[in-house]
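2 protein chains.
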Amino acid sequence: MLNKQECEKRQFQMCPKFEKTFEFLGKRWNGLIIDVLLEDGIQRFGELADKIPNISDRVLVERLKELEACGIVERIADEKNSKKVEYRLTAKGSDLQTAMKEIQNWAEKWMILSE
Amino acid sequence: MLNKQECEKRQFQMCPKFEKTFEFLGKRWNGLIIDVLLEDGIQRFGELADKIPNISDRVLVERLKELEACGIVERIADEKNSKKVEYRLTAKGSDLQTAMKEIQNWAEKWMILSE
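Residue numbers (UniProt numbering), protein chains in the order written: chain A, 1 to 115; chain B, 1 to 115.
FYI, nobody ran anything at the bench for these hints, they're computed from the structure. Be aware that one or more of the hints could be misleading.
Copies of one chain are not kept apart here, so a pair can be met inside one copy or by any two copies together.
Unchecked claim - Here are the simulated lysine-lysine pairs, DSS-like style, with alpha carbons at most 25 Å apart:
hint : residue 1 : residue 2
1    : K84       : K17
2    : K84       : K65
3    : K65       : K109
4    : K101      : K84
5    : K65       : K92
All values reported here derive from a predicted model rather than from experimental measurement.
Produce the entire structure from the sequences given, and follow the hints as far as they go.
Structure, rendered in structure tokens:
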């Protein structure tokens, strides 16, 4: 067993990058929005709203703005038709696929819903 | 572009197991507690408290109870000395290593702290 000084020397710092990643990945709906864009590629707002049951348009707008600010999602406006806006993952967002898959695998294997 | 009915047929459900996993992994301190146990193996309460700066004993007790209830951590009491309690990851907890590593890799590669 390490004494107090030895423990304090071995202090773990939560990598702020790691913590920030969890913050937005753990935020309600974000995982699902990323999942839809990973699976189905570029989407219009209406398609996202229809594919994610129970999410309000207001919350979807909010989340897309946050994901855009994080550089995870990019918004593509049509020059000829300003109403036609599409969303897709950036390279940064698409690179989440492996981590999301690992979490999904772990969850499938171990999580019991009654917990 | 899919029409409304086609989108609704392709509705994504957030796998509740996936969402629950994010819930506890994203909860403040849990990632760090798991990280210490992954890195340093079996730990006494005092060692955990000394290795994780800024966490109060009360919160550490609370989190350990939650992680125990989730089956991620197990508590080992010494028969001869009830005060001597140790904590370690279960097989379920240890299996988080790959997912945590993937998230860490992504965070290192992409996260910029000023965001």
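Since the copies are identical, ignore which copy is meant and state whether K84 and K17 lie within 25 Å (CA to CA) inside a copy, between copies, both or neither. neither (34 Å within a copy, 35 Å between copies)
Given identical chains, is K65 near K92, meaning Cα to Cα at most 25 Å, within a copy, between copies, both, or neither? This pair counts as within: shortest intra-copy Cα distance 16 Å, inter-copy 35 Å.
Homomeric proximity label, K65 with K109: Cα distance no greater than 25 Å: Only across copies: K65 and K109 sit 22 Å apart there, 33 Å inside one copy, limit 25 Å.
When no copy is specified for K84 and K65, does a C-alpha distance of 25 Å or less occur within a copy, between copies, both, or neither? Within one copy, since 16 Å is at most 25 Å while 50 Å is not.
Given identical chains, is K101 near K84, meaning Cα to Cα at most 25 Å, within a copy, between copies, both, or neither? neither (31 Å within a copy, 39 Å between copies)
Comparing the model with each earlier hint shows violations of hints 1, 4; every other hint is respected.
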